[in-house]
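Peer 1: Now for the letters of each chain:
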Amino acid sequence: MDKNSNAYTFIFAIIMVTVIAGLLAFTATSLKPLQDKNVKAEKMQNILGTIGVLGVSRDDAEVEFNKYIKQQLALKADGTVDTETNAFALSLNKEVKKDDNEQRFPLYIAEKDGKTFYVVPLFGAGLWDAIWGYVALDGDKNTIIGANFGHKGETPGLGAEITTDWFQDQFAGKSLLEDIEAGFIADNFVSVKAVKGGAKAGDDHGVDAISGGTITSDGVSDMLQERLARYLPYFKNN
Amino acid sequence: MAEEKEALFSKQNRALLSDPLNDNNPISVQVLGICSALAITVQLKPALVMSIAVLFVIIASNVIVSLIRNLIPSRIRIIVQLLIVASLVILVDQVLKAYAYDVSKELSVFVGLIITNCIVMGRLEAFALANGPWKSFLDGVGNGAGYAFILVLIAFFRELLGSGKLMGFEILGHKAKTLAESTGLYAMGYENNGFMLLSPMALITVGIIIWVQRSKNRKLIEN
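Those protein sequence lines, which keep their order, are chains A and B.
Everything in the first sequence is counted per our numbering, starting at 2 for the first residue and increasing by one.
Everything in the second sequence is counted per our numbering, starting at 4 for the first residue and increasing by one.
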């Protein structure tokens, strides 16, 4: 057959693409369980990290996770618990696209050294792509004890700094409510914001934003504001 | 084909391995693959992993293209090469995600960028399409190693001078918040050079490597 004919070219292309597609599909399917396990273990490590359980290896993540995390709740918008949904299996990037009434809000209740902590998963938008994270609240559901963030494609050295210790450590000790006595109502909820130019000393609701990473920093502020507000009905009643 | 029987490691074949390490180095002489050389050389470990990944992709794609070189319709040969390279890269990515998750997170987008690494396509076009599988294999090993050599060299200096570490170990002592708590060189007031962590310094390091290489190797000096 003439190698330069159209027919040959088409046949060659078709065979080539079929073979390669088959090969890749086979590899992807057979490695999927291992990859999923890694992703799941990393999620557990992140959640544990916010309540101060650090240095857990991926192999031990599941054991440690079950040791500290006592309840995994999927909340409805009105603050009641949906017992039919597995909170851990919820993926926030799908949830945030749903209507408020259909969305479920995962909440992890942890116990460490006899104290209760609440871990809220976050999901929002940075400059280039999605950002996410976990924030752990003290037993009063008002004081942050730890936070960590992740991102898909923020600029290294600028927006990507949200994953570094110096940025994340700032959140510990900040509080969500203007006045804790006034309770968990929307007017009283101020969240925590990344302040451009640096938060003032003693500011309970501000952390230093990242120089050169303003849009990512604002993304973190918006994400905290939007996500945490959804948990107010639950926090109010429990 | 009336090819003469040639010893596996004839002088010509040995040159395929050794040339890319010095006289015809893909980075320092041909100045290909610079983008990845800038991006993942902040630390030694990702540089090593990237080198291994590129080595694998370049060898495998060279051999595959060489095996089917007489079947490939010349009109779509670039697309065919791209397809082969891209599938090999996806394979590497999937395997890393399953067996070396941390490394795969660190390399993230750069694994995908192997596809656009000009060294790989360059060798396919320039060599594998015209030579047999064994020679293409040697050429792949040589060029992959030449790339790896420079990459590791840059990463060595950048990690050492930029963060005072090698492979994540603190070589120059521990830097604490105060001078009194620091050990090693840091106790004497040594500071890491933060500039080394930024991409431009990789370019400058490449420049210095090229300079040193040319001053040693007279053949490379243009008139």
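Hints in this document: simulated from the structure, not taken from any laboratory.
What you are looking at is a predicted structure, and each value in this text was computed from that prediction instead of being measured.
Hints may be right or wrong, so weigh each one.
[As the list claims (entries may be wrong)] In the EDC-like style, the derived pairs of lysine to aspartate or glutamate whose C-alpha atoms are separated by at most 16 Å in a straight line are:
id, chain 1, residue 1, chain 2, residue 2
1, A, Lys237, A, Asp141
2, B, Lys108, A, Glu43
3, A, Lys41, B, Asp105
4, B, Lys138, B, Glu128
5, B, Lys222, B, Asp96
6, B, Lys168, B, Glu194
7, A, Lys153, B, Glu109
8, A, Lys194, A, Asp141
9, A, Lys153, B, Asp105
10, A, Lys116, A, Asp141
11, A, Lys237, A, Asp166
12, A, Lys38, B, Asp105
13, A, Lys95, A, Asp130
14, A, Lys77, A, Asp100
15, A, Lys33, B, Asp96
16, A, Lys77, A, Glu96
17, A, Lys237, A, Asp130
18, B, Lys108, A, Asp219
19, A, Lys237, A, Glu182
20, B, Lys178, B, Glu194
21, A, Lys44, B, Asp105
22, A, Lys98, A, Glu182
23, A, Lys194, A, Asp219
24, B, Lys138, B, Asp22
Peer 1: Hint by hint, note whether the structure agrees.
Peer 2: Outcome of the hint check:
1. A/Lys237 x A/Asp141: holds, 11 Å
2. B/Lys108 x A/Glu43: holds, 11 Å
3. A/Lys41 x B/Asp105: holds, 13 Å
4. B/Lys138 x B/Glu128: holds, 14 Å
5. B/Lys222 x B/Asp96: Violated, at roughly 39 Å.
6. B/Lys168 x B/Glu194: holds, 13 Å
7. A/Lys153 x B/Glu109: This hinted pair holds, its Cα atoms lying about 12 Å apart.
8. A/Lys194 x A/Asp141: violated, 20 Å
9. A/Lys153 x B/Asp105: holds, 15 Å
10. A/Lys116 x A/Asp141: holds, 11 Å
11. A/Lys237 x A/Asp166: violated, 31 Å
12. A/Lys38 x B/Asp105: OK: lysine 38 of chain A and aspartate 105 of chain B at ~13 Å, within 16 Å.
13. A/Lys95 x A/Asp130: Roughly 15 Å separates the two Cα atoms, so the pair holds.
14. A/Lys77 x A/Asp100: holds, 11 Å
15. A/Lys33 x B/Asp96: holds, 12 Å
16. A/Lys77 x A/Glu96: Holds, at roughly 11 Å.
17. A/Lys237 x A/Asp130: violated, 33 Å
18. B/Lys108 x A/Asp219: Judged against 16 Å, a Cα distance of about 25 Å means the pair is violated.
19. A/Lys237 x A/Glu182: The given pair, whose Cα atoms are some 12 Å apart, holds under the 16 Å limit.
20. B/Lys178 x B/Glu194: holds, 9 Å
21. A/Lys44 x B/Asp105: holds, 13 Å
22. A/Lys98 x A/Glu182: Not OK: lysine 98 of chain A and glutamate 182 of chain A at ~34 Å, beyond 16 Å, violated.
23. A/Lys194 x A/Asp219: The hint holds at about 8 Å.
24. B/Lys138 x B/Asp22: Given that 16 Å is the threshold and the Cα spacing comes to 13 Å, the pair holds.
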